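Chemist: Sequence:
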Amino acid sequence: MAAAKALALCVGILLTWPAMSEQAQLGPLKGQASAIAGAREQLNIVSTTQDADVADLLADFRASHPDIEIVHTKINSNDIYNQVVDPSTSSAAPGDIVWSSAMDLQIKLVNDGYAQPYVSKEIAHIPDWAIWKDEAYAITAEPIVIVYNKNLVAESDVPRTRTDLKSLLSRKPGIYRGKIATYDPEQSGTGFLFITRDAGITRTTWDLVRAFGSAGIKLYSTTGTVLDRISSGEHLLAYNMIGSYAIERAKEDASIGIVFPADYITLMSRIAFIPVTAPHPESAKLFLDYLLSERGQKFLLARSVGPVRLGLGAEGVIPADRSGAVKPIHIGAELLTYLDQSKRASFLKEWRRALQDR
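Going by numbering that gives the first Met the number 0, the residue at position 213 of the sequence shown is 212; the numbering climbs one at a time, nothing skipped.
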């Protein structure tokens, strides 16, 4: 069953989607009349997502629920964590729903009792790995990719697997030294998540990290900066980049190439939950259902954010020949492992040692 759901997810991640019919754009989602009746007329959304990236999504929800005043506040993941634990620490309105790409911090909040349970009406359409305790919901499924400069990297050099990448750096140090980039796991929470995920899948990750060290890899905390430097040619290849950002950039920048690794493709998710302190929980339930609905997922998809919902179609963001390589990060207690500071420090020590072991 889980394998079938994973396969359905892979074929459901789309690059494009036909325009919705006029009829589909009218009125609230089916089956929500009773929840609408109980909803208070406000919804405070707190997330790590830029306003521009959710403007169309929020406008569509607002059109279906005109009596609900929507306030979206963008803050960083640490501030979301602190606000949920103690709302008085934040100037932002207390969140009715919180939505963040910091998977570990979101799961810690849920684990520590800061989320209220809600069984979404859309639960039958969401893979098992994307729900935890009927409280935490993955609302996206975003591939982690290799990005390269199509104008400057020879087609024969484009790595299709991590082994290919390691071999390339060893074979052509004169070309690629100082030209490789990735997230800095000491500064980027998502970067730390991705590299610990790699190490958990295969110990050969450390061979790749040693190759990075020999190649003088450059480390960054933000995706935008890396993509800018790939585009300019300052860097030629970038490892473990969030695919949704790379896909959006590639729509406007012909120099950006994207590889979905053939050995395995990590899927990350943005996690949403309703805090126990939510002032307007009924409105939050409506919005969570909307986020997970076919309609809401299509609006996320329009920003190249991979949908988590099953069965959205046959043409995917992830190539069909890579569907068996997908490895989603499961929503659950395993994400808490490296919040243990001793384990985190130990991992980073090994990371630094591997980078220096040339």
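To be clear, the hints were calculated from the coordinates, so they are not data collected in a lab. Some clues are possibly wrong.
[Claimed, not checked] Straight line, CA to CA, 25 Å or less: simulated DSS-like cross-link-like pairs of lysine-lysine:
| # | residue 1 | residue 2 |
| --- | --- | --- |
| 1 | LYS326 | LYS165 |
| 2 | LYS165 | LYS132 |
| 3 | LYS297 | LYS107 |
| 4 | LYS217 | LYS107 |
| 5 | LYS326 | LYS132 |
| 6 | LYS326 | LYS297 |
| 7 | LYS342 | LYS107 |
| 8 | LYS297 | LYS165 |
| 9 | LYS149 | LYS132 |
| 10 | LYS171 | LYS217 |
| 11 | LYS326 | LYS342 |
| 12 | LYS326 | LYS107 |
| 13 | LYS149 | LYS73 |
| 14 | LYS348 | LYS120 |
| 15 | LYS297 | LYS250 |
| 16 | LYS107 | LYS149 |
| 17 | LYS348 | LYS73 |
| 18 | LYS107 | LYS132 |
| 19 | LYS120 | LYS149 |
[Said to hold, decoys possible] Listed next, with one range per pair, are the computed distances between beta-carbon atoms:
| # | residue 1 | residue 2 | range |
| --- | --- | --- | --- |
| 20 | PRO86 | VAL157 | 24 to 32 Å |
| 21 | GLY223 | ASN150 | 37 to 45 Å |
| 22 | THR224 | ARG343 | 40 to 48 Å |
| 23 | SER231 | ILE69 | 21 to 29 Å |
| 24 | THR336 | VAL70 | 32 to 40 Å |
| 25 | LEU218 | LEU151 | 14 to 22 Å |
From a predicted model like this one, the values you see are computed outputs, not experimental measurements. Cβ atoms here follow ideal geometry from the backbone N, Cα and C, with glycine treated the same way.
Chemist: CA of LYS149 to CA of LYS132, is that 25 Å or under?
Modeler: violated (44 Å)
Chemist: Does the hinted range 24 to 32 Å hold for PRO86 and VAL157 at CB?
Modeler: Since the Cβ atoms of PRO86 and VAL157 sit about 48 Å apart, the hinted range of 24 to 32 Å is violated.
Chemist: Given the proposed pairing of LYS107 with LYS149, does the C-alpha separation stay at or below 25 Å?
Modeler: Since the Cα atoms of LYS107 and LYS149 sit roughly 40 Å apart, the hinted pair is violated (cutoff 25 Å).
Chemist: Would the pair LYS297 and LYS165 pass a check requiring their Cα atoms to be no farther apart than 25 Å?
Modeler: Not satisfied, since the Cα-Cα distance of roughly 37 Å exceeds 25 Å.
Chemist: Under the criterion that the straight-line Cα-Cα distance not exceed 25 Å, is the pair LYS297, LYS107 satisfied?
Modeler: Violated, at roughly 29 Å.
Chemist: Is the straight-line distance between the alpha-carbon of LYS149 and that of LYS73 25 Å or less?
Modeler: Violated. LYS149 to LYS73 sits at ~33 Å, over the 25 Å cutoff.
Chemist: Mind checking the alpha carbons of LYS326 and LYS132 for me, to see if they're no more than 25 Å apart?
Modeler: holds (21 Å)
Chemist: Given the hint that LYS326 pairs with LYS342, test it: the Cα-Cα distance must not exceed 25 Å.
Modeler: Holds: LYS326 and LYS342 sit about 23 Å apart, inside 25 Å.
Chemist: Against the 25 Å threshold, does the CA-CA distance of LYS171 and LYS217 hold or violate the hint?
Modeler: Within the cut-off at roughly 17 Å; holds.
Chemist: Please test the hint of 21 to 29 Å on the beta carbon pair from SER231 and ILE69.
Modeler: Violated - the Cβ-Cβ distance for SER231 and ILE69, about 38 Å, lies outside 21 to 29 Å.
Chemist: Run the distance test for LYS120 versus LYS149: straight-line Cα separation, threshold 25 Å.
Modeler: Violated, because 44 Å separates the two Cα atoms, which is more than 25 Å.
Chemist: Note whether the CB distance of THR336 and VAL70 lies within 32 to 40 Å or breaks it.
Modeler: holds (35 Å)
In summary, the numbered hints that this structure violates are 2, 3, 4, 8, 9, 13, 14, 16, 17, 19, 20, 21, 22 and 23.
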